[in-house]
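Make a model of the complete structure from these sequences and hints.
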Amino acid sequence: MFAGLGLCWLLAAPDGPEATAVPGVLGLAAAVLLVGLGALPVLGLEPSPVAVGSAGAAWFVGVALTAWMRTADQTGLAPTAVGLGQFVDTLRAGAPELVTLLASCAVVVLVCVHLFGRADPPAAAYAILAAIGVLATSITGHPGQHSIGPVLIGAHALAAAWWCGTLAAMILVVRGRRGWAVALPEFSARALWAVAVIAATGVVSGLLDTGVGDLLDTGYGRILLAKAAGLTVLVAFGVHARRRWVPQAGRHRLAETASLRYAFAELVVMGSVLGLAVGLAGTAP
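Take 82 as the starting number for the sequence shown in our numbering and just add one per residue.
Honestly, I wouldn't trust all of these hints.
Quick list of simulated restraints, FRET-style, between CB atoms [stated by the list, open to error]:
1. G331 to D96: 43 to 51 Å
2. V169 to F83: 37 to 45 Å
3. A277 to A310: 16 to 24 Å
4. V349 to E127: 20 to 28 Å
5. T313 to F345: 14 to 22 Å
6. D298 to E337: 44 to 52 Å
7. H195 to G257: 20 to 28 Å
8. A336 to F83: 28 to 36 Å
9. H195 to D170: 29 to 37 Å
10. A205 to D298: 38 to 46 Å
11. H321 to G257: 16 to 24 Å
12. S228 to G166: 32 to 40 Å
13. C186 to Q155: 18 to 26 Å
In case anyone wonders, no lab produced these hints; they're calculated from the structure. Keep in mind that this is a model prediction, so the values were computed, not measured. Beta carbons: idealized from backbone N, C-alpha and C, even for Gly.
This is how it looks when you write it as structure tokens:
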């Protein structure tokens with residue numbers, strides 16, 4: 082994801098993404114993973130409470146740093162000179178980080194309750210909280226300036242979070258040939274719908290902010306093209322997976338290490354595209 086964000090600065094120089102995109106990458110990575118961990122029961126899997134708690138804590142840190150740097154930008158101060166009162170004022174003014182901070186705290190609290198045996202929250206609760214945070218962050222960007230923009234970008238962000246986050250969660254949880262034989266076909270069947278939503282909403286929301294003729298002439302347009310190219314590579318990965326990886330894994334003919342290599346290679350490309358998405362949200366059209 083940081084590599085994708087770095088590419089944004091190269092493509093949009095000198096008007097690249099804002100500095101808040103750096104901690105924003107950490108926050109989005111953790112939120113996406115939480116969506117995937119919470120969605121694992123759909124595939125017949127259960128997430129590790131330790132993994133959920135760690136992701137929740139990382140999410141809180143990433144969002145807090147993003148809000149702190151946004152405060153520094155709005156006040157014209159260095160990040161080290163920002164006071165707690167100024168930070169609170171930024172959150173109270175309606176910054177999207179307030180919603181995500183509350184959601185990340187709720188995740189950590191639920192995990193602590195579970196670990197101490199006080200209750201057993203459903204895994205879906207973590208996915209819902211993370212999805213709320215993803216929505217709060219995504220719909221406050223440039224597409225939010227259009228009447229249909231928030232709907233498009235919200236669906237786009239949630240589909241991408243489920244697709245990327247679930248694959249990342251599977252890498253953490255699935256073990257053995259049997260595990261991949263059970264989980265991978267279920268994931269592949271649902272991923273097809275996620276990709277369709279991502280592609281359709283991405284094209285329309287992108288054109289809302291920039292015309293076809295401006296794609297090569299602006300940094301925003303060039304990042305958008307790079308993001309589309311990354312999605313094309315992921316679709317090619319998906320086609321190959323449905324033809325080779327999924328059938329072989331489903332018949333128990335593929336070793337666990339081979340499935341992990343396939344999944345990790347796809348996740349690397351997914352991370353780069355997510356980094357481009359963070360940079361795109363922080364770049365003026």
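Going down the list of hints, with the structure as the test:
no. : hint                     : result
1   : G331 to D96: 43 to 51 Å  : holds (48 Å)
2   : V169 to F83: 37 to 45 Å  : violated (29 Å)
3   : A277 to A310: 16 to 24 Å : holds (18 Å)
4   : V349 to E127: 20 to 28 Å : holds (26 Å)
5   : T313 to F345: 14 to 22 Å : holds (20 Å)
6   : D298 to E337: 44 to 52 Å : holds (48 Å)
7   : H195 to G257: 20 to 28 Å : holds (25 Å)
8   : A336 to F83: 28 to 36 Å  : holds (31 Å)
9   : H195 to D170: 29 to 37 Å : holds (34 Å)
10  : A205 to D298: 38 to 46 Å : holds (44 Å)
11  : H321 to G257: 16 to 24 Å : holds (23 Å)
12  : S228 to G166: 32 to 40 Å : holds (36 Å)
13  : C186 to Q155: 18 to 26 Å : holds (23 Å)
In summary, the one numbered hint that this structure violates is 2.
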